[in-house]
Amino acid sequence: MLTKLSNSKFLIPIMAVLVISAAGLGFYISLKQSQNRLEQNTATQDLFWPNPKQINDFSSKDYDNKDFGLKQMSGKWSFVFFGYTNCPDICPITMSVMADVYQKIVDEFENIQIMFITVDPERDTANKLSSYVSYFHKDFIGIHSELENENNLIKQIGIAYFYNKEDEKYLVDHSASIFIIDPKMRLIAKLSPPHQSETIIDKFKNIKRFIDEKN
Amino acid sequence: MKRISGLIFFLFLFLNNNIVLAEKNMEINIADLWISEAPPTVSVLVAYVTLINNSEKPVSLVSVSCPLFSSIEIHRSIIKNGIASMQRHAALEIPSKSTIKLSPGDYHLMLFNPKMPLKIGDMPVFIFGFSDGTQIRVKANIRKRNNRAH
Chain F
0 MLTKLSNSKF LIPIMAVLVI SAAGLGFYIS LKQSQNRLEQ NTATQDLFWP
50 NPKQINDFSS KDYDNKDFGL KQMSGKWSFV FFGYTNCPDI CPITMSVMAD
100 VYQKIVDEFE NIQIMFITVD PERDTANKLS SYVSYFHKDF IGIHSELENE
150 NNLIKQIGIA YFYNKEDEKY LVDHSASIFI IDPKMRLIAK LSPPHQSETI
200 IDKFKNIKRF IDEKN
Chain B
0 MKRISGLIFF LFLFLNNNIV LAEKNMEINI ADLWISEAPP TVSVLVAYVT
50 LINNSEKPVS LVSVSCPLFS SIEIHRSIIK NGIASMQRHA ALEIPSKSTI
100 KLSPGDYHLM LFNPKMPLKI GDMPVFIFGF SDGTQIRVKA NIRKRNNRAH
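If you read the sequences in order, they're chains F and B.
Using numbering that gives the first Met the number 0, you'd call the opening residue of the first sequence number 0 and step up by one each time.
Using numbering that gives the first Met the number 0, you'd call the opening residue of the second sequence number 0 and step up by one each time.
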C-alpha cells in the first residue's frame with residue numbers, strides 16, 4: 000500500500016500541499032507570537048491598530064524657519080511630543096529621556112527622528128526653540144506651527160492643551176505623551192508618562208517589528 | 000548691560016554679607032539647593048532643594064528670593080490623565096520633625112527671567128523665608144540633570 004502510494008503520481012502535489020500548509024501554519028504562529036509579545040509590552044500604551052490615523056500634509060516651520068511637513072517625515076520613524084520652553088520641570092525630563100533613547104538607538108535605526116512641537120508658539124520664537132531643542136541633542140527638531148491652522152500636527156494628533164493666561168508668566172497644560180508616527184505617516188502609538196528610556200526603546204522595537212511584519 | 004547687572008549682583012552679595020546673619024539655625028535646615036543647567040535663552044529656570052524641619056512645630060516656606068531673578072515661585076508638577084500641568088503654591092508646609100525634598104517631576108522652584116545665563120560653577124545666593132520669621136541664606140549649585148545624554 001505504502002509502496003503503491005509512493006509510486007503514485009499524486010506524491011509530489013501532496014507533498015507540496017503539506018509543505019505550503021506547514022509554512023503557512025508556521026507563519027501564522029510566529030505572527031500570533033509577535034502579536035502576543037506586543038500586547039504584553041503595551042500595558043501602558045495605546046496602540047492605534049488595526050486602524051491607525053493617516054497623517055495628512057501640513058505646513059509648519061522648523062527652528063531654522065524652514066518649511067517642515069509630510070516630506071520631512073515620510074520614510075522615517077518619528078517620535079513626537081509637545082511642550083514649551085517656559086516649562087522648566089516636566090519638559091526637560093522628557094527631553095532628557097528622549098536624548099538618551101536617541102543616543103542608544105540611532106546607530107541601529109538610522110531613519111528615526113525626534114520632534115518637539117511647541118504648544119506656545121507666541122513666546123517660543125524660532126531662536127528660542129532652536130537653542131532649547133539643540134541643547135538636549137543636536138539632531139532634535141523643534142517645530143513651530145500656527146495653532147489656528149487646521150492641519151497642524153497638534154490638531155491632527157489631537158492632543159489637549161490649555162492656557163492659564165493670567166499674566167506674561169502664564170503656564171500651558173499639555174499632553175505629556177510621546178507619539179510614534181511610522182514611515183508611512185500613520186499614527187501608530189501613544190506612550191504615556193512617566194517616561195523611561197529603556198521602556199521606550201523596548202516598546203519601539205516591538206512596535207517596529209510588528210509593523211514590519213504587517214507591511 | 001551684562002556688566003551692569005553683574006555689578007549689581009556683586010554689589011548685592013557684598014551688602015548682604017554685611018547683614019548680621021542669624022546663628023546657624025538648627026530648627027530649620029536647607030540642603031542641596033541646585034539649579035538645573037538650561038539653554039541660555041530660556042526665561043524660566045528650575046531649582047530643587049531639601050527642606051528640613053527639626054522643630055516640634057510645623058513651619059512653612061513662604062518666600063524665596065535671589066537678585067538674579069525677577070521672581071521665584073513654588074510650583075508642583077502634576078501629570079493627570081496624561082496631561083502635564085503645574086500648580087502654584089503660595090507656601091509649602093514642612094510638618095514637625097520631617098524633611099521635604101523638592102525634586103524633578105514634583106515640587107520645584109520656578110525662577111523667572113534670569114538676569115544673566117548661569118553656568119556650572121556659578122553659586123548664586125538665595126534667601127528662604129519661613130512662616131516663623133526665619134530667613135536663611137543658601138548658595139545654589141548649577142548642575143546638569145542626571146539622565147541627560149552627553
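Don't take each hint at face value.
These stretches of chain F come out as covered by chain B in the derived footprint (C-beta under 8 Å, 3 or more residues) [as the list claims (entries may be wrong)]:
#, segment
1, 48-58
2, 138-152
Here are the computed lysine to aspartate or glutamate pairs in the EDC-like style, where the Cα-Cα straight-line distance is at most 16 Å [claimed, not checked]:
#, chain 1, residue 1, chain 2, residue 2
3, B, K56, B, D131
4, F, K168, B, E72
5, F, K60, F, E145
6, F, K103, F, E197
7, B, K79, F, E197
8, F, K154, F, D63
Treat the hints as calculated values from the structure; they're not laboratory data.
Since the structure is predicted, the reported quantities are computational estimates derived from the model, not experimental observations.
We put the beta carbon where it would ideally sit given N, CA and C, even for glycine.
A quick look at each hint next to the structure:
1. 48-58: Per the Cβ count (0), the hint is violated.
2. 138-152: violated (count 0)
3. K56/B <-> D131/B: Judged against 16 Å, a Cα distance of about 10 Å means the pair holds.
4. K168/F <-> E72/B: 11 Å, holds
5. K60/F <-> E145/F: 9 Å, holds
6. K103/F <-> E197/F: Distance of about 9 Å is within 16 Å: holds.
7. K79/B <-> E197/F: At roughly 23 Å apart (the allowed maximum being 16 Å), E197/F and K79/B break the hint.
8. K154/F <-> D63/F: Violated, because 22 Å separates the two Cα atoms, which is more than 16 Å.
Hint compliance for this structure: hints 1, 2, 7 and 8 are broken, all remaining hints hold.
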